[in-house]
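Engineer: For reference, the chains in residue letters:
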Amino acid sequence: MSGPVIFNTLQFDQPWTLENYLKVGGYQALRKILAEKTPPEAIIAEVKTSALRGRGGAGFPTGLKWSFMPRNYQGDKYIVCNTDEGEPGTCKDWYILRFNPHALIEGMAIAAYTMSVKTGYNYVHGEIFEAYERMEAACEEARAAGYLGKGILGSDFEFDLHNHLGYGAYVCGEETALLESIEGKKGQPRFKPPFPASFGLYGKPTTINNTETFASIPYIIRESGQKFLELGKPNSGGTKLFSVSGHVNNPGNFELPMGTPFAKLLELAGGVRHGHKLKAVIPGGSSMPVLPGEIMMETDMDYDSIQKAGSYLGSGAVIVMDDTVCMVKALERLSYFYFEESCGQCTPCREGTGWLYRIVHRIEQGEGRPEDLDLLLSLCDNIAGRTICALGDAAAWPVQGMLKHYRHEFEYHIEHKRCLV
Amino acid sequence: MINIEIDGRKVEVENGLTVMDAAHHVGLHIPHFCYHKKLSIAASCRMCLVQVEKAPKPLPACATPVVEGMRIHTNSDYAVTAQKSVMEFLLINHPLDCPICDQGGECELQDVAMGYGGMTSRFNEAKHVVAGKPMGALISAEEMSRCIHCTRCVRFGQEIAGVMEIGMAFRGEHSAIMTFVQNTVDSELSGNMIDLCPVGALTSKPFRYKARSWELSRRRSVSPHDGLCSNLAIHTKADRVVRVLPLENEAINECWISDRDRFSYEGLNAADRLTRPMLKQGGEWVEVEWQTALEYVANALRQVKTSAGAEQIGALATGGSTLEEQYLLQKLLRGLGSDNVDFRLRQSDFSADGKQAGAPWLGMAVADLDRADRFLVVGSFLRKDHPLLAARVRQAVKKGAQFNLLHAAADDLLLKVANRAIVAPSEFGNMLAQVLAALTESKQAALSDDVKAVVARATLEGIGNDARAIAASLAGGERVAVLLGNFAQQHPQAAQLQRLAQEVAALTGAKFGFLGEAANSVGAYLANAVPGANGLNAAAMLAQPRKAYILLNVEAELDCANPQQALAALGAADLVVALSSYKHGATEYADVLLPITPFTETSGTYVNTEGRAQSFKGAVKPLGESRPAWKVLRVLGNLLEQEGFGYENSESVRDEVLAGDLAERLNNRLSGLTVSAAATSAGLQRVADVPIYSTDSIVRRANSLQKTHDAATPMVSLNGAELAKLGLKSGDAVTVSQGQGRATLIAQCDDGLPQGVARVAAGHAATAALGAMFGTITVERA
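Each protein sequence line maps, in turn, to chains A and B. In this text, residue positions in the first sequence follow the working numbering: the first is 2, and each later residue adds one. In this text, residue positions in the second sequence follow the working numbering: the first is 602, and each later residue adds one.
Worth flagging that the hints you see were computed from the coordinates, not collected in a lab. Just so it is clear, the structure is predicted and the values come from calculations on it, not from any experiment. Warning: the hint list may mix true and false statements.
[Said to hold, decoys possible] Only pairs whose alpha carbons sit at most 35 angstroms apart, straight line, appear in this in silico DSBU-like list of lysine-lysine: (1) A/Lys309 with B/Lys655; (2) B/Lys655 with A/Lys234; (3) A/Lys186 with B/Lys806.
Using the sequences plus the hints, can you model the full thing?
Structural biologist: Written as structure tokens, this is what we have:
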């Protein structure tokens, strides 16, 4: 699972220590920009060159996001790292905290320098306690060694980083719900505009990036944006962490260049478990539309290729399903998740996710009606795009994906009151 | 200004508006639930989704700012499809129990569903059920399944009432509006949440199942309970008031009313309502005809006048009596030859009489409070005395105004207090002098001659930090308001405080005014319901007992500054004529009870604290044989063969009182007073508030209000050190005594009180046996 950008310390017994991070060129990027007093514009240009896109799921160009921060704003500004990794199937950010926390710290420090920010928060998903502890320890190490705090590496640059352990609510991974949660409020997304770049944490300009995004930054500054871009494909620069789960022999996290064929990834994950055939793949975390195995076997793992195939790269969580999977049962489980995790603030999601789940549940229980499938699709249209945050979309897409490719399984279920498989 | 197009109409609107604002601007209605013009934007109900050209999805009108060139369709197929889909979602878990829902017929959900809901539902699953929640005596939250989670109630609490007492707990479909564990909703503005609730989730507990909205008649009225005079919509059924709602008036109550304004109607038809004239004959009360009673009163007054002189007759009215009633009462008295008439029953210092340039008033418009950037409030239980004025001040403070308080208690006002000087009542004058001293030090401003000596003494004795901080705050303001509260007006040195506060206002360029205690506090001056140079004021009339008294709406033991003294004087009088809506304590000391109507059964006028005259008509017919007091006084005037009592209607009385320019008759200027502000105190000083639900006879009989926390039996509060000094602790039973009077109450610790004071409420039966609201009081273990 090792790779050049993020998991570059796995050869060591204790990959997470500062000592080992330094051995692979750690903190050289930060040292360089502080010593050379690199203008922030130059750093943003480098990040833009790298074609680094947000690794949390939405894939927004990172350099562009950084350029939104008001440069001349007087007063506090914040950067926030989103380690609230709650999308089912995704477990990559957890591993960054476990195995290379200093890459995140350095990446955030560079971002802070670029956007003239003194304070950063790292919002950690509520259930990964040991990763939080390790991240705290890494921050202590970094502080002691002068990579965090006042006068970093002898410069006048000041930045400190605070880790905040959440309570495990999926919706807190939505960036504005995350901000609310840091502020001590109930984790509910804010309506936008205003966007966090103008009204973020405590009402101050704020930039929020995913853990993997920040952890990719040191490489880009150390080695150059061009080199990072060349690792991947145009418009999909760098490497990507893929969390492969499901019916494979060797599940786990893999750092691979963007554009790696899915077939290669599946091979690295040990292939589909013995005696079974690949049926379907959710390529980017549970909210993304499912794709049939045969389509995936022809697809490369990057933003544009997967979108062309009819889904999204999302967080890079690859859920592999073999021929034993009943798609009705699978969707029932997925829909239950979004029903359970809806924050309840806005109507379509609060009411719609429960309705979706109940219909799918009924079908699974053999109580489906022929009109249910069109009703499901109609409800998806009424939820997606009409909510405050993307959780509504996330609840609708799996249903739409399943019905697009596996409608016959649902029809069979309704007619025969049992699974096709 | 920017140009947009909305539903095909090209309009120019202000930059910074939302699509919702812009739609209102051109008279378009966009369906909505969570949006409310006075609350922050939630954008959560999604009912107001509209089509904006070039936007990839429908946008909520309430939260989308207009931008140049924006083309909006509120009613296109695209928009209506989105709106209808939201409506469908809102209804799937709603019980649709409209036939048994109090909100039926006046329900926003019902109304919008008529336009956007389907005839049948596609939802075939089980609806979820939400358990009811106890929220106290006023709000019923029994049917929370009806809730559509708009959070208006939550935002009202946080943003207007200033306290979050309810919130939305849990998430997703399990989201539920509830109070904090085992708490009720205790805000004095809580009833507004019922109005805000767009469905029947929060309903009025007292009104529950009393009537359907379409059975009700609606009448405009004016609240009689405080100086604001909120505008009311009185809802009646079968000649009975069954509900009171706010009538929107941006200049006065905006779209709110206090719980006192809203729920006091329950007192209107209380069991002890007086409905027939009564005479005490041989120690027994007998019901008589009006003619008999009125003739008896006329004869008895004539007799007192002949035998003892007119100056032996005194008349007392409440400030909540109407302008017409107060005017006719004083006219009757003066016609009899007596100048003894007063409405300032809780006032104890009258030294400003004759030195006051006009009727004391707010000194500004109520709406000016919104724009003030500095406040100094002297002597006020602001939240409880003036719930809605406090809400206005709260909004100003939220916008950055600094609120300074000089008071004898540090009650939570639910707003950010910049500086507070909490001192014993006897120190108020000294504290104001210190503020003046600090102001003159820093501003080099010229003091008026009459206050120089007092300020010099304060400078000599040292200026405290509180006074300096208040002075600095006020000096930094551009629109400063200095206001005297009820407590300052009831203070034994009220005139001194007025003069000093006025000087503070002069030095800081502030507007200066009084927070009018009662609905017609200003009007009563205009009606001349105050003694002339030869007359006795309210306190003097009781301190120097008269042979005859006429009481208008007065419950002496609860409405007077010194109930002990009042009861003694009334008990010893030869004749007490009580014009009252209720059979109250007057049955002990009165000789005649004349049943008069409360404000809902008469026409009348209140001139509120900002000097705004508002007339109203009766909402229902007088109960039983009761009559409007202005008519009773008119007949008495005629029976006594006085001139000028030939009024056709109450409007002609009003027009006589309010002839000429009203504004010219309002003037707070006080001159010719000797300023001393000497602190006089010995022992423990009483600090008396009039609890919010004890202010007048109607409120005191409103059952539901009497079940709230604010109506709990008063306790004796002392700070920790004072309690310890007396060897007491919270919860101990104590005997409180003033003169001959005593009361047994429970002691409690309140470290917000200064040293040397004991707080014991007035206006309540439990403390009615005590003496003056200010002065020395003894507390000892019972």
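Engineer: Tell me, in ascending order, the numbers of any earlier hints that this structure violates.
Structural biologist: Violated: none.
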